[in-house]
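Sequence lines, in order, name chains B and F.
Each residue of the first sequence is one higher than the last, beginning at 0 in numbering that gives the first Met the number 0.
Each residue of the second sequence is one higher than the last, beginning at 0 in numbering that gives the first Met the number 0.
None of these hints come from the bench; they were simulated from the model.
Honestly, I wouldn't trust all of these hints.
No copy is singled out in the list; a pair is fine if it fits within one copy or between any two copies.
[Stated by the list, open to error] Cross-link-like lysine to aspartate or glutamate pairs, in silico, EDC-like; alpha carbons within 20 Å at most:
#1 LYS277 with GLU26
#2 LYS87 with GLU196
#3 LYS152 with GLU253
#4 LYS132 with ASP71
#5 LYS87 with GLU282
#6 LYS208 with GLU230
#7 LYS132 with GLU73
#8 LYS54 with ASP150
#9 LYS202 with ASP71
#10 LYS51 with ASP150
#11 LYS226 with ASP71
#12 LYS132 with ASP150
#13 LYS130 with GLU253
#14 LYS202 with GLU44
#15 LYS87 with GLU211
#16 LYS198 with GLU234
#17 LYS202 with ASP150
Everything numeric in this text was worked out from a predicted model, so none of it was measured.
2 protein chains.
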Amino acid sequence: MKKLVGVDLGGTNGKVAVVTPVGRVLESVSFPASEVLTPKPMVKEIVSQILKIWKDGAGIKSIGIGVAGDVDNEHGVVRFSPNLNWRKVPLKKLVQDELRRMLPATKLSVTVENDANAAAWGAYHVDGKTKCKNLVVLTLGTGVGGGIVIDGKLYRGATGSAGEIGHMTVEPGGRLCNCGNRGCLEAYAGGSYMVREAKAAIKQGRTSKITEITPLRLQIAARQGDKLAQELWNEAGYYLGIAVAGVINLLNPELVVLAGGVSQAGKLLLVPVMAEIKKRAFETPARAAKVILSSSPTDLGLIGAALLAVP
Amino acid sequence: MKKLVGVDLGGTNGKVAVVTPVGRVLESVSFPASEVLTPKPMVKEIVSQILKIWKDGAGIKSIGIGVAGDVDNEHGVVRFSPNLNWRKVPLKKLVQDELRRMLPATKLSVTVENDANAAAWGAYHVDGKTKCKNLVVLTLGTGVGGGIVIDGKLYRGATGSAGEIGHMTVEPGGRLCNCGNRGCLEAYAGGSYMVREAKAAIKQGRTSKITEITPLRLQIAARQGDKLAQELWNEAGYYLGIAVAGVINLLNPELVVLAGGVSQAGKLLLVPVMAEIKKRAFETPARAAKVILSSSPTDLGLIGAALLAVP
């Protein structure tokens, strides 16, 4: 069986996996990315992780890397990654050079893509089984990303920046987002913002049983009846629903996939999301759009990166 | 020179034109649509207007019709048009039948398309000169419509409903829209809503020199310094800017075209629109997106319909 290599590069962790051509993860390994943040050590780390998971590297034909940030896919350059604190890093070239050093005999193609774009391509294969033509994915994690597949192809837009659903305004005068704007979807449905809100509410005297607040603990607390946690999920789902309804009216997709760690909140998000879609999207496109939780919520990025890299 | 026929069918007026293959209008005629609202008399009217403008109809090869409403382009059926009060009207077949009756010897292809989708195709040719790959048009009239060109092709989505930018939520708890939702872009930037707001404000005691309020008079009044009119344009531009910034973050297009009668307000809209884009869109896609007023603001629909119909 043909096997592919996918890499997902975030600001805290990296993950390398061997993936089948239909997007099944055969083996994967995570590594802390925070200690090797400058490009060259990071590239050495990535390649050594690849060789660890795929022994001597024999038979590797392509490597796809998804990176959180503004990526020039055509030239394989990370224009800007706030998470990694990188600017204009020629990641494709650096990885190719390191691979040539480690595996002189091997010919390898390397592809670099924005992580949410890669996730859209992963969702197209894993959740859509390549059967739908138009798909939108929302990656719900610390922040909120997104990617779009149009007519069975990854849609990148004019500069590879398409899909930034997390920074669509959903509440014009609303919460301040790290991007500097007010009322972005991310400021309500991003995990780090939910945690921040919970902490602020408790500091201001709200009673809550949650301690050591994380998005996962907010899920557990909400299911156990914690009012503050429930409010935060309802609010996140409300604004997520407004954004998804807008995307449905604008793009009329067959499939909307919720992915990322925060999407594992499941019904805590889906119930308010569906309520807003019912209220705000037109009937014809709303009926045409299936809204689902991804079956591989945290691996779509590396799966998609691996599949995008196939020469 | 090859000549094409385009038709734009609204709820109040219809317009028929002879168009060149690059989208120049050679001749056009308008007719009141409100008196012939049921499908069969409307079809007779359309065909008689076509023959009036193109004498004996000799040489007509294709006719494109843009209709305000939910259109099934594949089968040429108007699923629902609130403006015309039509449901499930097989417009393509009706027009073909009438044409065969009037011009038995002629073979003609007829295409039916949503009017804002047609406008997007018109803008792609007239404003984009087919040089940009990804374009979004907003048709600002009584209401707000939109259409999308992706990779040089009209993007219709799963059910031909794509492009409903006017019904993206820009103010969650905001003004009631005719669609039943709250806070749609249309409820702020649609001409009829602006007129309604102006009337309500005056009724509530706001002083203003505007009489017999129309969107055009609101433009004139604003340019003459009328405070109420200026506030309404600023508000419309503010929400339009929020929507366009969202579209830029989501679709990363090369071109955003403002069209329709209300777009002739020009700077009254463009200044607040650009301010919101600067505030709310990411730098890379914002720099990549040219935001312009259409050079054929009220003819894009029929131009696009004519060009879409080319067999």
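Results for each hint:
no.: 1; hint: LYS277 with GLU26; verdict: neither (40 Å within a copy, 44 Å between copies)
no.: 2; hint: LYS87 with GLU196; verdict: neither (34 Å within a copy, 49 Å between copies)
no.: 3; hint: LYS152 with GLU253; verdict: both (14 Å within a copy, 18 Å between copies)
no.: 4; hint: LYS132 with ASP71; verdict: between (24 Å within a copy, 17 Å between copies)
no.: 5; hint: LYS87 with GLU282; verdict: between (44 Å within a copy, 15 Å between copies)
no.: 6; hint: LYS208 with GLU230; verdict: within (14 Å within a copy, 47 Å between copies)
no.: 7; hint: LYS132 with GLU73; verdict: between (23 Å within a copy, 16 Å between copies)
no.: 8; hint: LYS54 with ASP150; verdict: neither (38 Å within a copy, 41 Å between copies)
no.: 9; hint: LYS202 with ASP71; verdict: neither (42 Å within a copy, 55 Å between copies)
no.: 10; hint: LYS51 with ASP150; verdict: neither (37 Å within a copy, 41 Å between copies)
no.: 11; hint: LYS226 with ASP71; verdict: neither (44 Å within a copy, 46 Å between copies)
no.: 12; hint: LYS132 with ASP150; verdict: both (5 Å within a copy, 15 Å between copies)
no.: 13; hint: LYS130 with GLU253; verdict: within (10 Å within a copy, 29 Å between copies)
no.: 14; hint: LYS202 with GLU44; verdict: neither (40 Å within a copy, 70 Å between copies)
no.: 15; hint: LYS87 with GLU211; verdict: neither (37 Å within a copy, 57 Å between copies)
no.: 16; hint: LYS198 with GLU234; verdict: within (16 Å within a copy, 35 Å between copies)
no.: 17; hint: LYS202 with ASP150; verdict: neither (49 Å within a copy, 50 Å between copies)
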